[in-house]
Amino acid sequence: MNLPFSVPAADRRLLPEGRFAGPMPWVIAIMMFLTVLAGAGGLGLRRAADGLVSSIGERLTVQIVDANPEFREAQARIAIAALTRQNGVLAVTRVSDEEMQAMLGRLLGEGGAEAELPVPAMIDVDLSPAAYQRRDAIAASIRDVAPSARIDDNATWLSPLANLLGSLKWLALALVVLMTWATAAAVVLAARGALDTHRGTIEVMHLMGATDVQVARLFQRRIALDALFGGAVGFVAAFIVLVGIGSRVGEVGSELVGSAGLAAIDRLLLFALPVAGIALATLVARMTVLRALRKML
Amino acid sequence: MQFDNVGLRYGTGAETLSDVSFTLRAGGFYFLTGPSGAGKTSLLKLIYLAQRPSRGLIRLFGEDVVTMPRERLPGFRRRIGVVFQDFRLVRHLSAFDNVALPLRVAGVEDRDLQQPVREMLAWVGLSDRASARPATLSGGEQQRVAIARAVIGRPDMLVADEPTGNVDPEMAARLLHLFDALNKLGTTLVVATHDIHLLTRIGRAEMMRLDRGMLSDPTGILRYPPRRAEAAADSAQ
Chain A
1 MNLPFSVPAA DRRLLPEGRF AGPMPWVIAI MMFLTVLAGA GGLGLRRAAD
51 GLVSSIGERL TVQIVDANPE FREAQARIAI AALTRQNGVL AVTRVSDEEM
101 QAMLGRLLGE GGAEAELPVP AMIDVDLSPA AYQRRDAIAA SIRDVAPSAR
151 IDDNATWLSP LANLLGSLKW LALALVVLMT WATAAAVVLA ARGALDTHRG
201 TIEVMHLMGA TDVQVARLFQ RRIALDALFG GAVGFVAAFI VLVGIGSRVG
251 EVGSELVGSA GLAAIDRLLL FALPVAGIAL ATLVARMTVL RALRKML
Chain B
298 MQFDNVGLRY GTGAETLSDV SFTLRAGGFY FLTGPSGAGK TSLLKLIYLA
348 QRPSRGLIRL FGEDVVTMPR ERLPGFRRRI GVVFQDFRLV RHLSAFDNVA
398 LPLRVAGVED RDLQQPVREM LAWVGLSDRA SARPATLSGG EQQRVAIARA
448 VIGRPDMLVA DEPTGNVDPE MAARLLHLFD ALNKLGTTLV VATHDIHLLT
498 RIGRAEMMRL DRGMLSDPTG ILRYPPRRAE AAADSAQ
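Here the protein sequences come in this chain order: A and B.
If you're matching positions, the first sequence starts at 1 in our numbering and goes up one per residue.
If you're matching positions, the second sequence starts at 298 in our numbering and goes up one per residue.
The set of hints was computed from the structure by calculation and includes no laboratory data.
Even for Gly, the Cβ is constructed at its ideal location relative to N, Cα and C.
This list has only true hints and no planted wrong ones.
DEER-style ranges, computed between Cβ atoms: (1) A/I240 to B/G436: 54 to 62 Å; (2) B/G359 to A/R291: 27 to 35 Å; (3) A/W26 to B/R415: 37 to 45 Å; (4) B/R322 to A/A232: 53 to 61 Å; (5) A/R291 to B/T309: 22 to 30 Å; (6) A/A232 to B/R415: 39 to 47 Å.
The whole structure should be built from the sequences, with the hints applied where relevant.
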């Protein structure tokens, strides 16, 4: 198959309209803009969901809620020692008193944080996947040595959020597919319109012995150039928006929101979208024109 | 080219052409006459493969073109030059590019078609109008461009529908001279015309007449099988 741009210069004049005439390049630009945004959203959400699960999805949080500070401290030390001895425990991190005070300060205000509240001792426990499977046994062993321990599985409260992120990710993918379909439909309409406009020229070319492929090459080149222009404009616009959103995300400072960034491979995938769009538009134009020409003698 | 009991019907209407049978020998010169609405243009469309018949057999260059797959038609069409009654010039192309079109379709490189196109334009007296668009050309000039476009590729067969209808007698004589020269070089010519004077200018030309879609044959030489051949066979016996 010849490349869509490999049409001799003189033959290009056979279709008279100026380049980028009509709404087609701008329709493709809008479609590409929305497709890249949807794609970036989907990829960011996937990365956020993966990061969420890998960072805290296999984590237990142990709270020692004894009101007596001495008993609480003693049970915390015993629980940490017991956890450290367990196989598959990757990290045992005691949340420091300063962090607890700061957290309470954000929740209760500065006055509340200074009150004589019985603040529980909190311990984050990161488990290997194998150890996470026997989390109930690990929890029981902690309760044996620290009776006032409450053990929360982070996945329990994380699950609805992970499900939401997963749904949003699939929604973004569906949007990309729908946008691609809409772009293809727009190309089909544009190709049919162009065929009708140039029917006289096509008939004359046919009667002079032009093959369907020769005629189709003219149209696919035109559509490819429109798609190239529209794809570039749409991608650049979407890139600018994504850079703006990225800087806002950085300002939020949330671990969850911040994890929704794009890796190099994601950026590469986004860059592939306009390239794939050009290829798709060219292919659809070629198929549409060839199918229409087959109905002519 | 051979037509055998060919009929043509557009849609569900009456037959535009009925039981048309004739043979055109390679290198022959044929005039097609008949009143308006007799079916001349329809018959020419069948000849230059713009239309398939509703029935009957058409053989061109030794092959059945009625059942031929459409993918093979371009190769045959390149061997036929056509002068359309309404010229059908591509309106956004210059006279030069219109004349060059058959060569470009055939894959001739741009640098190789400059000289033949300019020579052809000079021959039809349009050298100074090479860059003019059809809309700025007179009817006669458009017709000459159409004729130049039809003959530029040295076709095996030239089909012309009223080729002298819009030109003055002097230009008509020049065009007929061109057709004559092409015919002498081996090109088969089929010219549809109302011009009675044209019919007498080429002594060796044969004539077929269409009337209400039927081929009436005043000379008797064009029927298939030809009467002349039948007569020759009869006399030989």
